[in-house]
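Residue numbers (the numbering used here), protein chains in the order written: chain A, 1 to 193; chain B, 1001 to 1193.
Worth flagging that the hints you see were computed from the coordinates, not collected in a lab. Check each hint, because a few of them may be wrong.
[To be verified] Residues from chain A shown here face chain B by an in silico Cβ test under 8 Å; the list is partial:
| id | residue |
| --- | --- |
| 1 | R14 |
| 2 | P20 |
| 3 | A38 |
| 4 | M41 |
| 5 | S57 |
| 6 | T58 |
| 7 | R61 |
| 8 | L65 |
| 9 | T101 |
| 10 | D137 |
| 11 | R161 |
| 12 | L173 |
| 13 | G179 |
| 14 | S186 |
Remember, predicted model here, so these are calculated numbers, not experimental data. Note that CB positions come from ideal geometry on N, CA and C, so glycine has one too.
2 protein chains.
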Amino acid sequence: MTHRRPVALAHACRLINHGPTVLVSVSHEGRRNVMAAAWSMPVEFTPPRVAVVIDKSTFTRGLVLGSGLFALCIPCRALADLTTTVGRTSGRDEDKFARHTIASFTGPALGLPLIEGCVAWMECRRIAEPHSEAAYDTFFGEVVSAQADDRVFAEGRWSLRADNADLHTLHHLGGGQYGVVDSVVSGKVLDPT
Amino acid sequence: MTHRRPVALAHACRLINHGPTVLVSVSHEGRRNVMAAAWSMPVEFTPPRVAVVIDKSTFTRGLVLGSGLFALCIPCRALADLTTTVGRTSGRDEDKFARHTIASFTGPALGLPLIEGCVAWMECRRIAEPHSEAAYDTFFGEVVSAQADDRVFAEGRWSLRADNADLHTLHHLGGGQYGVVDSVVSGKVLDPT
Chain A
1 MTHRRPVALA HACRLINHGP TVLVSVSHEG RRNVMAAAWS MPVEFTPPRV AVVIDKSTFT
61 RGLVLGSGLF ALCIPCRALA DLTTTVGRTS GRDEDKFARH TIASFTGPAL GLPLIEGCVA
121 WMECRRIAEP HSEAAYDTFF GEVVSAQADD RVFAEGRWSL RADNADLHTL HHLGGGQYGV
181 VDSVVSGKVL DPT
Chain B
1001 MTHRRPVALA HACRLINHGP TVLVSVSHEG RRNVMAAAWS MPVEFTPPRV AVVIDKSTFT
1061 RGLVLGSGLF ALCIPCRALA DLTTTVGRTS GRDEDKFARH TIASFTGPAL GLPLIEGCVA
1121 WMECRRIAEP HSEAAYDTFF GEVVSAQADD RVFAEGRWSL RADNADLHTL HHLGGGQYGV
1181 VDSVVSGKVL DPT
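The following block holds chain A by itself, in its conformation from the complex:
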């Protein structure tokens, strides 16, 4: 039984608000790929828009430019090895899905390959910004579908608890080391001093 549930687009940006590493997945004209990206962020809640850095050297970039589409899939602790693997290998010469038996399912809005075992998924339409793409490798996109695993994201919020620790998000520290968000603290507004 799947734990995937739709996420209201008004809440979609919360999926990456806390800065997790994402997997960028794409398909175009019979080719597909998935890469890791530590550098992404929301840029607007409504309509939900995101920015993600996709380097000129990547195979992914050509597929994004060709199709005008990309997905962001959010991996969790259990996928640390997979995340490192797709971050360090290229899909240009060999399909990564086949090489590493990466299971995927089809995105509901755009038909993109979304990675099984992740804890959230967004399908995005590229907003063409040739200058930002050229100067900063920064792609902007509008989120058109969002889903999350209801064991760890429910009612529009992440719920990171001890009993779902394998589903907590990864935050790349460099060198294949990931910080994992295992605690939650509340901040309150201070009275003037």
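We have chain A already, so just place chain B on it with the hints.
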């Protein structure tokens, strides 16, 4: 005794690689401000460049546009209340530093007010991109100085351990709730299946 140490510019982007919430601090013509921003990311390692979303409604934005400068200060668990406070109040009518007795020190390269108690600090020169700023509230900047607290960032890497838990970074989940990176996992490259 201070624990601030310079960080090589080649390692500066690692300070926000894992997606922490940042404090954006600015000063211009006798006014200063600090706000919280969950939305920032590196866009290039060398030269170190970052992107940060600064909404049109903020007082900070005018000071960035006026001075061409901004700093990113990275708060830690001990600063959750301060982060929420500067994220929910405006400095337009009253100086937040005075109102909340926020201690700062002067940035070494640009003279920006950097927030005491944070665990890392970057001074940035705005790279003028009027279109990205207008369309996505996204400001690009080049990092010209970087420092970090050597109890939690040393030799170019975050070192998040049980004995420095109060210094771990905050990752905004929404609603004043912050995830804290309290664990670290290693990912390895998988053999083909």
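Hint by hint, here is what the structure shows:
Hint on R14(A) holds. Least Cβ distance to chain B is approximately 5 Å, under the 8 Å limit. The interface hint given for P20(A) is met, as the beta carbon of that residue sits about 6 Å from the closest beta carbon of chain B, less than 8 Å. Hint status for A38(A) relative to chain B: holds, with the closest Cβ pair at about 5 Å, below 8 Å. For M41(A), the suggested interface contact is upheld, since its CB lies about 4 Å from the closest CB of chain B, less than 8 Å.
Because the smallest distance between the Cβ of S57(A) and any Cβ of chain B comes to about 13 Å, over 8 Å, the interface hint for this residue is violated. Residue-level restraint check for T58(A) is violated (minimum Cβ-Cβ distance to chain B is 14 Å; threshold 8 Å). Taking 8 Å as the C-beta cut-off, the interface hint given for R61(A) is violated, the closest approach to chain B being about 14 Å. With 8 Å as the threshold, the beta carbon of L65(A) stays out of range of chain B, its nearest partner Cβ sitting at about 18 Å, so the hint is violated.
A hinted interface residue such as T101(A) counts as satisfied when its beta carbon comes closer than 8 Å to some beta carbon of chain B; here the least separation is about 4 Å, so the hint holds. Annotation: D137(A) was flagged as interfacial toward chain B, and the flag holds, the nearest CB pair being 6 Å apart, inside 8 Å. For R161(A), the interface hint is violated, since its Cβ never comes within 8 Å of a Cβ in chain B; the closest pair sits about 12 Å apart. Among the interface hints, the one on L173(A) holds; its C-beta lies about 5 Å from the nearest C-beta in chain B, closer than the 8 Å criterion.
Because the closest C-beta pair between G179(A) and chain B is about 3 Å apart, less than 8 Å, the hint holds. Interface restraint check: S186(A) against chain B, minimum CB-CB distance 6 Å, threshold 8 Å, status holds.
The structure fails hints 5, 6, 7, 8, 11 (numbered hints given earlier, in ascending order).
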